[in-house]
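There are 2 protein chains.
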Amino acid sequence: MQTPQSLYPTDDTVGTMTDLYQLTMAAGYFHNGLHERRACFEAFVRGLPPNRSYLIAAGLEQVLHYLTNLRFTDEQVGWLKDQAPFQGISPAFFEYLRQMRFACDVWAMPEGSVFFPGEPILRITGDLIQSQLVETYVLTCLTIQVLVASKAARIVWAARGRPVVDFGARRAHGPMAGLLAARAALIGGCAGTSLVEAARRLGVRAVGTQAHSWVMSFEDEQEAFLRYADLFGPHTVCLIDTYDTIAGARKAVAVGKDLSGVRLDSGDLVSLSKQVRQVLDEAGLRHTKIVASGDLNEFRIAELLDRGAPIDLFGVGTEMVTSHDAPALSLVYKLVESEDKAGVMAPRIKQSAAKATLAGAKQVYRQYQASGAMTGDLLARDGEQASGAPLLAQVMRCGKLQMAAPGIQRLSDRARDQIAALPPELRELSSAAPYSVTVSEALRSLQPNGSDLSVE
Amino acid sequence: MQTPQSLYPTDDTVGTMTDLYQLTMAAGYFHNGLHERRACFEAFVRGLPPNRSYLIAAGLEQVLHYLTNLRFTDEQVGWLKDQAPFQGISPAFFEYLRQMRFACDVWAMPEGSVFFPGEPILRITGDLIQSQLVETYVLTCLTIQVLVASKAARIVWAARGRPVVDFGARRAHGPMAGLLAARAALIGGCAGTSLVEAARRLGVRAVGTQAHSWVMSFEDEQEAFLRYADLFGPHTVCLIDTYDTIAGARKAVAVGKDLSGVRLDSGDLVSLSKQVRQVLDEAGLRHTKIVASGDLNEFRIAELLDRGAPIDLFGVGTEMVTSHDAPALSLVYKLVESEDKAGVMAPRIKQSAAKATLAGAKQVYRQYQASGAMTGDLLARDGEQASGAPLLAQVMRCGKLQMAAPGIQRLSDRARDQIAALPPELRELSSAAPYSVTVSEALRSLQPNGSDLSVE
Chain E
240 MQTPQSLYPT DDTVGTMTDL YQLTMAAGYF HNGLHERRAC FEAFVRGLPP NRSYLIAAGL
300 EQVLHYLTNL RFTDEQVGWL KDQAPFQGIS PAFFEYLRQM RFACDVWAMP EGSVFFPGEP
360 ILRITGDLIQ SQLVETYVLT CLTIQVLVAS KAARIVWAAR GRPVVDFGAR RAHGPMAGLL
420 AARAALIGGC AGTSLVEAAR RLGVRAVGTQ AHSWVMSFED EQEAFLRYAD LFGPHTVCLI
480 DTYDTIAGAR KAVAVGKDLS GVRLDSGDLV SLSKQVRQVL DEAGLRHTKI VASGDLNEFR
540 IAELLDRGAP IDLFGVGTEM VTSHDAPALS LVYKLVESED KAGVMAPRIK QSAAKATLAG
600 AKQVYRQYQA SGAMTGDLLA RDGEQASGAP LLAQVMRCGK LQMAAPGIQR LSDRARDQIA
660 ALPPELRELS SAAPYSVTVS EALRSLQPNG SDLSVE
Chain D
240 MQTPQSLYPT DDTVGTMTDL YQLTMAAGYF HNGLHERRAC FEAFVRGLPP NRSYLIAAGL
300 EQVLHYLTNL RFTDEQVGWL KDQAPFQGIS PAFFEYLRQM RFACDVWAMP EGSVFFPGEP
360 ILRITGDLIQ SQLVETYVLT CLTIQVLVAS KAARIVWAAR GRPVVDFGAR RAHGPMAGLL
420 AARAALIGGC AGTSLVEAAR RLGVRAVGTQ AHSWVMSFED EQEAFLRYAD LFGPHTVCLI
480 DTYDTIAGAR KAVAVGKDLS GVRLDSGDLV SLSKQVRQVL DEAGLRHTKI VASGDLNEFR
540 IAELLDRGAP IDLFGVGTEM VTSHDAPALS LVYKLVESED KAGVMAPRIK QSAAKATLAG
600 AKQVYRQYQA SGAMTGDLLA RDGEQASGAP LLAQVMRCGK LQMAAPGIQR LSDRARDQIA
660 ALPPELRELS SAAPYSVTVS EALRSLQPNG SDLSVE
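Chains as they are written, first to last, in the numbering used here: chain E, 240 to 695; chain D, 240 to 695.
Check before you lean on any hint, since a few could be wrong.
Copies of one chain are not kept apart here, so a pair can be met inside one copy or by any two copies together.
[As the list claims (entries may be wrong)] Only pairs whose alpha carbons sit at most 30 Å apart, straight line, appear in this in silico DSS-like list of lysine-lysine: (1) K320 / K528; (2) K496 / K320; (3) K496 / K528.
Derived from the structure by calculation, the hints contain no laboratory data. Everything numeric in this text was worked out from a predicted model, so none of it was measured.
This is chain E alone, in the form it adopts within the complex (with noise of 0.2 Å):
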């Protein structure tokens, strides 16, 4: 009996996680001497999603884990040798493939950072086979958590102070989504996530209520409210609108002064928020908090708390683990240098029509007034001075690891910090006048003539 197949990624799995073209043309590469040759390829988005003004670097801790970890085992290769293109394939390269240990260098942004189209995220630098073998991993990596990073930044934003917590497990594309979710999340600004095994993996708190379920299971819904709060005393949120929510709100406040707070979950929630808000004010509840649920993204809390809700505390879950309004992003991988036959590292570019890449390696450079506000960024090629802080850390010299992985909340500290330097009418809801990204004299000299040196 054939069992059923989790389609769980796994370290031992992680080499064929790659586009069939990769491999192939790895195997053209080999037989063509060109296994050796270096080449340089970066990681950018080509523009912004509706909306955005800014884009916050996540997902980088998962690409090292897979870079150093890449490798095919026996059973790969052997399955490999049997694939129909493979056939007139040497044996020598299957052997290549077997003993490889990713050995480039990588340069990135640290996660948090706040960026732009065009700013290059992650350069990877090596062997032609490994630097563009990892390019579709690399990229699914990053792209699920630059989208939900910058999604919970706008959302956060909205909440204007107030916590905004990850209620978005089930909606996300998948369990593995749902952990990269509540990590992106987390880095965006959020307070927390219910996911139990996102807050275990990445040592934060889970958070969370009651469901429906749990109401509908008593006779009697003050029954469900008082048991609960037996059990869990000041940790009791009452979920209050299975029946009728000003209802539930009268019977939440029997919990007295555990009731830490009350979640409305459908409804008019600004009519209601302020009517519970009074029951519970009237019960001399005060401490107590509303927390709402339900659909909500970042216009819809703008709206909530613009009509005076009063609410303390949003759950956010579909909108902002799937992106729901942008659930992709223009992130593209590209050759930007590779070893002429001299063996030295020219600029290449890609020329068909409105997909223009800027030919070098690159470095970018952002510049700040003294008050520590930014006021533009500078693209430059790599290793050229220019003034300005380099955004682009080494973080693999040769495979290896060239620091420990931050913990999350360094990285949502940096996220918030560089969201309070962008200029302010970046951070608005609506899209505003691009940020400054220019091109520096030198870089601009490395192209082709003709290409287009629009970064937008």
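With chain E fixed as given, assemble chain D onto it according to the hints.
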């Protein structure tokens, strides 16, 4: 030095792959003596995403893997004990968790089935703790695969018999989402996937062509094509848009009879494909196929074919694997029955406005014409005698699997056959009048007065 984390799910950590409230409620049920009370939950969608008139069931195999492997390790239990809300919870609960093995009955629609709003695609009946606890994982597993299988079916339909292949791994929401999306795309009718590990695990062929970096790694475009063909012979598909597409086509024909295909990834695909077809035909390469890729979806493919683009195969990524126009689904998991004090299963319903659920365990009966065409579905009480073919089958009895996992081909065959049996207007790319889903008299009489019987 803290090493980077992968955030892979594993069989050893599935217990805590759930929302915190599932575990606090579990503790609450346990301490109130409700943990052995039987309950019945159903998963169903509340409505269809934009433009869709039907959905495809997918993801059950991964749900069954999860349920089969659900357990809490000592490490997880130890961690939970230390979390703030659990401080007052007795050791007996944690021992219960540690010994827990999933023992519910599970009924489900087979993967590849066409389904509609309000119809349960999964029903879990068993003790209240277990049947509740699994909600988070069950929903995340089903959501991504239903979304992608349903989107893939639309894209395959738009391609009018031309093969569609999954190129989306890099755009999926993380590495596991890439595997899940590849599987769902195959169920929805795709002819292959570029994700090697997905092909390996699912027993299908991986597909692929070349990247721009291959072409750019040679001094000369034609040399890049010829070197590839030297190795891969009749498996050679050349990417011809790196510099100038028509000039690229003229260089690709030098490959001769082994030129299996050329790929266009940018530009005006209608005009370019017509010119490229002419170049190929004039070179006597009538068998050489034209592959198109680059931000394709069902609408763009339909337009390309309407305008006469001679494209033979479509590679689709972003739009399909993110279900870009509908990246979330209103899939919910609701309590529909639970034991009353007398130990009798009684219908349950959440009554708050606008989110009504039909109480009672249900079966879906599908009605057909003699020709095999579907004419309507009937939502009936589980166990009720009704005409038509019942869609939910038992897949687990007391936690034991009742069937082997079918291969992917059987699932895609089912989807193809069921889509062929749909009323024709439901297959179109814009949504049609809803398919008829009616509620049996027995199920209707089970509902409290005034509850909303609409299933749309």
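A quick look at each hint next to the structure:
Within a single copy, K320 and K528 get their C-alpha atoms only as close as 61 Å, which misses the 30 Å cut-off; across copies the closest is 26 Å, which meets it. In this assembly of identical chains, the alpha carbons of K496 and K320 lie at most 30 Å apart only when taken from different copies (24 Å versus 68 Å within one copy). Proximity of K496 and K528 under a CA criterion of 30 Å is satisfied intra-copy only: 12 Å inside one chain copy versus 72 Å between copies.
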